[in-house]
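Q: Required output: the full structure, derived from the provided sequences and hints.
If you're matching them up, the sequences are chains B, D and U in order. First residue of the first sequence: 1, per the numbering used here; consecutive thereafter. First residue of the second sequence: 1, per the numbering used here; consecutive thereafter. First residue of the third sequence: 1, per the numbering used here; consecutive thereafter.
FYI, nobody ran anything at the bench for these hints, they're computed from the structure. Possibly wrong hints are sitting among the right ones.
Heads up, the list lumps identical chains together, so a pair's fine if it works in one copy or across two of them.
[Claimed, not checked] Mimicking DSBU-like on lysine-lysine, the simulated pairs with C-alpha atoms at most 30 Å apart in a straight line are: (1) K46 x K154; (2) K151 x K59; (3) K151 x K30; (4) K65 x K46; (5) K64 x K46; (6) K46 x K151; (7) K65 x K154.
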Amino acid sequence: RSGEMAKLTQLIDNEVFRAYATYTTIVLLKMMLMSLITAYFRITRKAFVNPEDTASFGKGENAKKYLRTDPDVERVRRGHLNDLENIVPFLGIGLLYALSGPELYTALLHFRIFTGARITHTFAYLIPLPQPSRGLSWAAGYAVTISMAYKVLKTALYL
Amino acid sequence: RSGEMAKLTQLIDNEVFRAYATYTTIVLLKMMLMSLITAYFRITRKAFVNPEDTASFGKGENAKKYLRTDPDVERVRRGHLNDLENIVPFLGIGLLYALSGPELYTALLHFRIFTGARITHTFAYLIPLPQPSRGLSWAAGYAVTISMAYKVLKTALYL
Amino acid sequence: RSGEMAKLTQLIDNEVFRAYATYTTIVLLKMMLMSLITAYFRITRKAFVNPEDTASFGKGENAKKYLRTDPDVERVRRGHLNDLENIVPFLGIGLLYALSGPELYTALLHFRIFTGARITHTFAYLIPLPQPSRGLSWAAGYAVTISMAYKVLKTALYL
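A: As structure tokens, then:
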């Protein structure tokens, strides 16, 4: 049965598409890691947002004091949202770019810079590193996405 | 070079891809429902965030008192953001997984668990159910996405 | 009808797919613009959220006073989040819709209304225009996405 699948698409045999699949999966897994880091800080800092999450700490005022914001939790959450804002465009534009027939070398360059930039951005945000570390890593990922968008529009434009 | 891409045919006739299309559409519609629930609570609780949204309640202080946060509104918004954080990875990794030639039975299992987990998560968040209901439903969707990511990387890895 | 889908070759040479690629890229670039507008307001309003971002303004209390929220910054951020909530469903459902063999005319209508609606929504949010401008532009994009989801489920349903 999976043999039929292979005949059908052959997408996954295309090197550019395989590179897209690899780097997209890596960068999405990295984004998913933010959920675990948020949970880790919520538990170690005892900073929750839902009353039902503090029930195990007792009742009434005793549990209520853990319904609070914590700077470390908020920092991870901002990093997570920034991931969403930047990885969603990469997901969509990168797919269309991979289907627009780029040179393998050029495509790999784009995917690698984007992935490296987002990993650097996460370290710059969470450690945190002094600016402009976070700003530059954000800009690198942004620029690569614009470059892919340009190629997509140049190849496929149909208004 | 884009000729290689040309071999792509009959995506929508492929059963695994049809299953992906079905469950992805269901889970995205479920996420879209969160916007309507937020709007419902904003209107019934009279809790708005934009001054222009309260203009129909009159002018000045009379309208200003409706610019406030409401626990029910905030709860739906947290559920919506959690959907984004988890459904975006499913959207991307699930697509690549569907193209990686999984067995139909295995693919259906992944898609069904993910969709069921996210629907359960929404009920657990909005009712709310006591923990660990929400935590477990979140973890089920997360684990299924990791499992699909593993299959994608095993099939397509090209660094 | 889904047999017609089968003839789909050379995705990027297919007119419906090219239209999807074009409008998706435009709407994702529009979403990315929100990051730049946020940065512009943060800098001109001097309203930051990370201590490391205010280091260039000096040390201690001198820099600390710029760690604050600003109504214009918050407004752009809400517009950005609303984009994420609505463009992610379009990205996924629109792709599946483009692969479900719609008429070119119908597909173009859907993509154009969605893109126009989201651009209008951004102006309505940022100027801001009086309601129901923002509400109606949001609803137009929402309705178009539901319509595409219906076509996908009608063509591909496999539970």
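Q: Under the constraints set out in the numbered hints, which ones does this structure not fulfil?
A: 1, 2, 6 and 7
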